[in-house]
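Here's the letter readout for the chains.
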Amino acid sequence: MGTRFDPSALLETLKTRAPLVHCLTNRVTVTPMANALLAIGAAPVMTDHPDDAEQMTASADALLINLGTPTQESLEAMTRSVRVAAADHRPWVLDPVGVGATRFRRTAAHALLEYQPTAVRGNASEIMALADEAITGRGVDTQHTVEDATEAANALLSYSKGVAISGQQDHLLTELGHWQLTGGSAWQPRVTGTGCVLGALMAAYGAVSDEPFEALAAAHLHAAIAAELAEARAEGPASFASAWLDALARDDLALTERAIERVHALGV
Amino acid sequence: MGTRFDPSALLETLKTRAPLVHCLTNRVTVTPMANALLAIGAAPVMTDHPDDAEQMTASADALLINLGTPTQESLEAMTRSVRVAAADHRPWVLDPVGVGATRFRRTAAHALLEYQPTAVRGNASEIMALADEAITGRGVDTQHTVEDATEAANALLSYSKGVAISGQQDHLLTELGHWQLTGGSAWQPRVTGTGCVLGALMAAYGAVSDEPFEALAAAHLHAAIAAELAEARAEGPASFASAWLDALARDDLALTERAIERVHALGV
Amino acid sequence: MGTRFDPSALLETLKTRAPLVHCLTNRVTVTPMANALLAIGAAPVMTDHPDDAEQMTASADALLINLGTPTQESLEAMTRSVRVAAADHRPWVLDPVGVGATRFRRTAAHALLEYQPTAVRGNASEIMALADEAITGRGVDTQHTVEDATEAANALLSYSKGVAISGQQDHLLTELGHWQLTGGSAWQPRVTGTGCVLGALMAAYGAVSDEPFEALAAAHLHAAIAAELAEARAEGPASFASAWLDALARDDLALTERAIERVHALGV
Chain A
7 MGTRFDPSAL LETLKTRAPL VHCLTNRVTV TPMANALLAI GAAPVMTDHP
57 DDAEQMTASA DALLINLGTP TQESLEAMTR SVRVAAADHR PWVLDPVGVG
107 ATRFRRTAAH ALLEYQPTAV RGNASEIMAL ADEAITGRGV DTQHTVEDAT
157 EAANALLSYS KGVAISGQQD HLLTELGHWQ LTGGSAWQPR VTGTGCVLGA
207 LMAAYGAVSD EPFEALAAAH LHAAIAAELA EARAEGPASF ASAWLDALAR
257 DDLALTERAI ERVHALGV
Chain B
7 MGTRFDPSAL LETLKTRAPL VHCLTNRVTV TPMANALLAI GAAPVMTDHP
57 DDAEQMTASA DALLINLGTP TQESLEAMTR SVRVAAADHR PWVLDPVGVG
107 ATRFRRTAAH ALLEYQPTAV RGNASEIMAL ADEAITGRGV DTQHTVEDAT
157 EAANALLSYS KGVAISGQQD HLLTELGHWQ LTGGSAWQPR VTGTGCVLGA
207 LMAAYGAVSD EPFEALAAAH LHAAIAAELA EARAEGPASF ASAWLDALAR
257 DDLALTERAI ERVHALGV
Chain C
7 MGTRFDPSAL LETLKTRAPL VHCLTNRVTV TPMANALLAI GAAPVMTDHP
57 DDAEQMTASA DALLINLGTP TQESLEAMTR SVRVAAADHR PWVLDPVGVG
107 ATRFRRTAAH ALLEYQPTAV RGNASEIMAL ADEAITGRGV DTQHTVEDAT
157 EAANALLSYS KGVAISGQQD HLLTELGHWQ LTGGSAWQPR VTGTGCVLGA
207 LMAAYGAVSD EPFEALAAAH LHAAIAAELA EARAEGPASF ASAWLDALAR
257 DDLALTERAI ERVHALGV
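Top line first, the protein sequences correspond to chains A, B and C.
Residue numbering for the first sequence follows our numbering, beginning at 7 and increasing consecutively.
Residue numbering for the second sequence follows our numbering, beginning at 7 and increasing consecutively.
Residue numbering for the third sequence follows our numbering, beginning at 7 and increasing consecutively.
Keep in mind that the hints were calculated from the coordinates and are not lab data.
Please note that a few of the clues may not be correct.
To be verified - Straight-line Cα separation of at most 25 Å, DMTMM-like style, residue types lysine to aspartate or glutamate; simulated pairs:
| hint | chain 1 | residue 1 | chain 2 | residue 2 |
| --- | --- | --- | --- | --- |
| 1 | B | Lys-21 | A | Glu-237 |
| 2 | A | Lys-21 | C | Glu-237 |
| 3 | C | Lys-21 | B | Asp-67 |
| 4 | B | Lys-21 | A | Glu-241 |
| 5 | B | Lys-21 | B | Asp-57 |
| 6 | A | Lys-21 | A | Glu-267 |
| 7 | A | Lys-21 | C | Asp-257 |
| 8 | C | Lys-21 | B | Glu-237 |
Bound conformation, chain A alone (with noise of 0.2 Å):
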């Protein structure tokens, strides 16, 4: 895979693809979410209405589910587009947040992962609701590590061909394997939307690679090095936040194949 995985190449043909990323993505991080697509050269589209989101899916790249805010329109054109990615057999990333929060977010969750998600992308409660509902039906407490979270993940990967698991490491999972990356900043976690952004990311990198690991590290590397370089300017959560956004749409961005050595395979 090393000799392989090349995400300066991956991200260099999605500069030049600038593939459309169709996000059903919720109201507090949709503008970030769209700030850190265009930083990185795709060209982000939302909207919500079933019809209009329906017909914008079937133009588009890639789709990002996003269950952070949904309402009942959303719900409908979240399912009715994710039918339209399944059947064109395009690229599609679900985010299921909060969803150990409320039965309510569970069955919808758990009603969009019957439609074989290409990636999914949580933090360790969240994978861990998300695998319950799926195969056991149970409830899931809040609050684990993301090496609770390794189980449940395996599990996903029966209906989903890549897992990541975002967390003070952030781990990967396909049928290859499983990898734990290292890096990022401690300021992530205290801004809103830096997890969904990650999510955006694993779609827009999917729409120019199939193979799902590649996907998922190179849109993780692509966080985690901007994250770094963007520590050294902040002040605070906005100053990060800012700075972020910045660094993701460097050019000279140290995406190089020696950001793979941040990645360590735990098993393969």
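Model the placement of chains B and C on the given structure of chain A, informed by the hints.
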């Protein structure tokens, strides 16, 4: 009061407990609101779907209702959430944004007021419009001074334990007295969301103090002191907004007992 | 024209009157839009509920309709608000975001165009898609140049008093002529909302000038001059966006009569 009220200790409690603050709020200022709650150590969640919102409120530590951009769906979610909060004796804050601007908003705000919010926040015109509708049904002009609104705020104390009037000088009223706060920055009204964030901070502090004055005063002092720190770095409204969020998160924020020197009792 | 048009005087009028600009707009860029309107001295208000929006329009000085993220509810609110604006001869701006992307958007934009907006704003592809639908019903490809769109913009002048085409060079068309504007920053298209904000500024300036060219030109000059000031401070898209909002608010903005040197008549 001076000997008992320690905003610094309250902030420590807030950071330790990290209360879950559910915000049914407008889409213009929801992103800075989430970031402000994260900055002070609270855990924000926002959802507008009636079923989801009702379930989320049941596990939240405090609720904020902000009427900035109501939709049919969010209004139903607000009503059902407020019922849960009232039944569970959970603190909730009503921010009747623009209540004087349309008949529609007066009707919506009055219906929510009947559920007796723990606290109410608004500018002078909003407080007067809300009180008028509650008491006499008369219309209300905009552009009043805080002093004009004192009578209205007193009337609202029959619905709510605390009322905050935002203006050049903020005023706080509870059944124990009437206080004026000094401080803050002239940049605050020039950035969207600074008032809305105050309502969210009132909800967060309300989750860690049952004493109406304490929750209101701590929220206002935290916002005002951060605004003063931010002003030194502001070159315009956007750099002020960024510096304000940075300052809200500062661990060395001078939210000490001396902060209450900014609080002046007008009548106790 | 050169002797009569004084954008600096128009800005003074705007700051004095502080027009209420009601924006029925998308949720991706609503926060920077509100901040930009505050920055130039206008008073923003946004509401999507059909009843509330209709009542709000009746007391607003100008209306902006932006089709970025339409919902069933917001589309009804737009239609009812546009009827009020048309009946009351109140200025309103149509920004048909992404109108070429889906059939759904073309239908929605065309229905609103029938109410004869005071001004229309879009990039070349949007202007062409809107005109095509209005005139022939044919589909339209994306990625056109501003020059390609001139014929379409001229056709739209039978619906609207002014048309602005955004691009590397902005073009303004009224029944009196066709102008090209120079200036601005290459960062603008790399930040979400810079185009949407232009539409909002056109509505705000439309509230203080009945002359179609003046309102369009003042809005574009204000945005372009601020963008040039911001570019010097930009280290990426996010710091550019912050510096641009700061610059929009500057009292010493060089929006003088000399600014019209940037305006080149192509045909009068």
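Under the constraints set out in the numbered hints, which ones does this structure not fulfil?
Numbers 3, 5 and 7 - these are the hints that the structure violates, sorted from lowest upward.
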